[in-house]
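Asks: As a plain string of letters, each chain reads:
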Amino acid sequence: MPTHAPVHVLGLGKTYGKVVALDGISFTIDEGSVLGVLGHNGAGKTSLIDILTTGARPTSGAATICGWDVVRFPHHVRRSIGVAGQFATVDEELTGRAQLVLLARLYGAGRRAARDRADELIDAFGLADAARRKVRTYSGGMRRKLDLAAGLVARPPVLFLDEPTTGLDPVSRNVLWEIVTDLAHQGTAVLLTTQYLDEADVLADTLIVLARGRVVAEGRPADLKRSLGNRTVAIRFPSLTASEYAAQCVASHGFRPVRDSGEPLLRIPVSGTGDIASLVRTLDGSGVDVGDLTVSEPTLDDVYLALHGAGDHPG
Amino acid sequence: MSRHAAPVRGPRPDITTSPTTPIRRSPPAAHREHWGVSGFGTQLWVLALRSIRTAFGHYRLIFLGILQPVVIMLLFSQAFAGVSELPGVASYGSYINYLLPATLVTIAVITAMSSGAALMFEITSGFVGRLRTMPISLFAVLLARSISDTLRLVVQLAAAMVVAVLVLDFRSTSWVASVAACALTAAVGWGMSWVFIAIATWRPSQEVMQAASFVVIFPLMFTTSAYMPVESMPGWMEAVATVNPLTYAIDAVRALTVGDPYGTDLAAALALLCCAALIGILTAAHGIRRTR
Ligand SMILES: Nc1ncnc2c1ncn2[C@@H]1O[C@H](COP(=O)(O)OP(=O)(O)OP(=O)(O)O)[C@@H](O)[C@H]1O
Ligand SMILES: [Mg+2]
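Chains A and F are the protein sequences, given in the same order. Counting along the first sequence from 1, when you hit position 138 you're at 138 in the UniProt record's numbering, and nothing is skipped either side. Counting along the second sequence from 1, when you hit position 31 you're at 31 in the UniProt record's numbering, and nothing is skipped either side.
Just so you know, the hints here were simulated from the structure itself, not pulled from any lab data. All figures in this text were calculated on a predicted structure; none of them were measured in a lab. Just so you know, not all the hints are guaranteed correct.
Said to hold, decoys possible - FRET-style restraints, in silico, Cβ to Cβ: (1) F/ASP260 to A/ALA113: 49 to 57 Å; (2) F/GLU207 to A/THR137: 24 to 32 Å; (3) A/HIS75 to F/LEU49: 20 to 28 Å.
What the hints assert, rightly or not - Some residues of chain A that are not near chain F, with every Cβ distance over 10 Å (derived): (4) VAL90; (5) ASP91; (6) GLU93; (7) LEU103; (8) ALA109; (9) GLY126; (10) ARG133; (11) TYR138; (12) THR181; (13) GLN195; (14) SER227; (15) ARG236; (16) SER252; (17) VAL270; (18) THR282; (19) GLU297.
Unchecked claim - These stretches of chain A come out as covered by chain F in the derived footprint (C-beta under 8 Å, 3 or more residues): (20) 52 to 63; (21) 66 to 79.
Positions of the beta carbon are idealized from the N, C-alpha and C atoms, including for glycine.
Please take these sequences and the hints and turn them into a complete structure.
Replies: What follows is the structure, encoded as structure tokens:
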């Protein structure tokens, strides 16, 4: 029997009238792996999730979830997915617990199993204090947590999270990260959009960066960072004269130091370990005093800014 | 995790042969208990129970829900007192006998309208959006709403009857007739709720929803014998009244409560209500499934 990738997307396109939300997206998510989707506001992240969760129809291309086409077999797709959308979808008039029980019952759980599942999720998300209050009285972050719990009720094999940690406090964010990592270990395929690059770095096995509905970069976080090439060496000197002298020295050896206005600090982009060694030798040879030297890896922020920064950011 | 049968291949591009064969790790424990689906009956039951809990879950809501028919009843009995002089009304004994059925039907229509408003709130608040991502029948969502709101209506009708009997001196021929009148009114509420549910599923804005509701309500209510005998209306209104389902419903309820023959009115009312409900159901079932 053929095994189907949990999520498979080919040439997916979506237009709303004249607005092109998605323009030929393709990717696959395997069992147990997490795909991070990055992109500016309006890049098409939510549109992508809407289509994959059967809430909207693609205008071109196709997508399957566990082998089921999202357009032709929406009901089968819905059996396999859990969703926490960008905007909380909670029922104001029920208590948090009653809501989770209700959803579990709708997924086919018996009364007992539904209650157990609700309590399990309430514990996992630290909602115990609020569980028996009406959702109407919840804070923004509490709603979000309840919504995330709601997406997990059925233990779906495929999980879609649209900016899941927006509005969560740091502790809750860590809790969610752990939950997602655990689920992935157990085999869940996860698609997660985020504006937080550290989150993408921690959680995602693979990243795609969307801009205006197109994939402009994709790969493992580490590869994306490496593709950007440069690490940066930051050197602090005892005085401005020292830093000025050092700048001239290293510049004459082909480096491109960036001065920090007012501070005796130089930032020097380097491409490999060899570069660092030769930089240190140059400084040593010039006889200037070096106060403090740090080497920093490129962050996903650098990647993101490099992709979107070059006049590519739509207004 | 449950594996489904291979999907049927169709004219779409064949994308099931993925280039990356997924590596299956040790049995995905997380999904072993994956439940899958519930039956239509369970969905209906769970969702209806939820709406009923919401409707009766707070003393303020219960109080207001019961106050509303009582206020309508008291207000109408005072405001339209002069009408009792008119010849068409005199034959009913007292004006309350003429008015009560109209009041009951008014209550039914208002409750039906609130059904649509409640559904619309659930659509805009995103709760229906969550249900959309689940393997359940969206029709069950609508049916549950119409059923629970009809139950709420029954409670309201009972309250209205109690007030009519205790305060306004309403006397029916028999209590069986009164119960039958309430049942017919509940049927009116159920049929009409589908009209408003259908409007709500087409996701109008709040303003459009309100405007549409009033466009439906006012012509329906005022071209009936609800408050005035049809004979006292201008000719064109009389013509409209004779094709309005609510006229038959009101006349049938009226005939039931005073012990007149009600056969044809009842049949016409039920037939027209079924038509309204059917059109509403079909429109709503289509509207709720619509995707962007
Ligand atoms: N229902 C709709 N009707 C018309 N245009 C839409 C609709 N939904 C989305 N769009 C447009 O499609 C584009 C992509 O929107 P989308 O919500 O997918 O962006 P996003 O990446 O999720 O942005 P954000 O980071 O702000 O959540 C935007 O230009 C948006 O205006
Ligand atoms: Mg979005």
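Asks: Could you check that no beta carbon of chain F comes within 10 Å of the beta carbon of A/GLU297?
Replies: 28 Å, holds
Asks: Would the non-interface assignment of A/ASP91 survive a Cβ cutoff of 10 Å against chain F?
Replies: The claim breaks: A/ASP91 does not keep its Cβ more than 10 Å from every Cβ of chain F (closest is about 5 Å).
Asks: Should the label of A/GLY126 as a non-interface residue stand, given a Cβ cut-off of 10 Å to chain F?
Replies: 20 Å, holds
Asks: Compute the least Cβ-Cβ separation between A/GLN195 and chain F, then decide whether it is above 10 Å.
Replies: At roughly 20 Å from the nearest Cβ of chain F, A/GLN195 sits farther out than 10 Å, so the non-interface label holds.
Asks: Are all beta-carbon distances from A/ARG133 to chain F longer than 10 Å?
Replies: 13 Å, holds
Asks: Check the non-interface label on A/GLU93: least C-beta distance to chain F beyond 10 Å or not.
Replies: 4 Å, violated
Asks: Does the Cβ-Cβ separation between A/HIS75 and F/LEU49 fall within 20 to 28 Å?
Replies: Roughly 24 Å apart at Cβ, these two residues keep to the hinted range, so it holds.
Asks: Using the C-beta atoms of F/ASP260 and A/ALA113, is the stated range 49 to 57 Å upheld?
Replies: 56 Å, holds
Asks: Holds or violated: is the Cβ of A/ALA109 farther than 10 Å from all Cβ atoms of chain F?
Replies: 5 Å, violated
Asks: Between the segment 66 to 79 of chain A and chain F, see if three or more residues pass the 8 Å beta-carbon test, and mark the coverage as holds or violated.
Replies: holds (count 11)
Asks: Hey, is A/ARG236 genuinely clear of chain F, shortest beta carbon separation above 10 Å?
Replies: Holds: least Cβ distance 47 Å, greater than 10 Å.
Asks: Mind verifying the non-interface call on A/SER252? Its CB should be farther than 10 Å from each CB in chain F.
Replies: 49 Å, holds
Comparing the model with each earlier hint shows violations of hints 4, 5, 6, 7 and 8; every other hint is respected.
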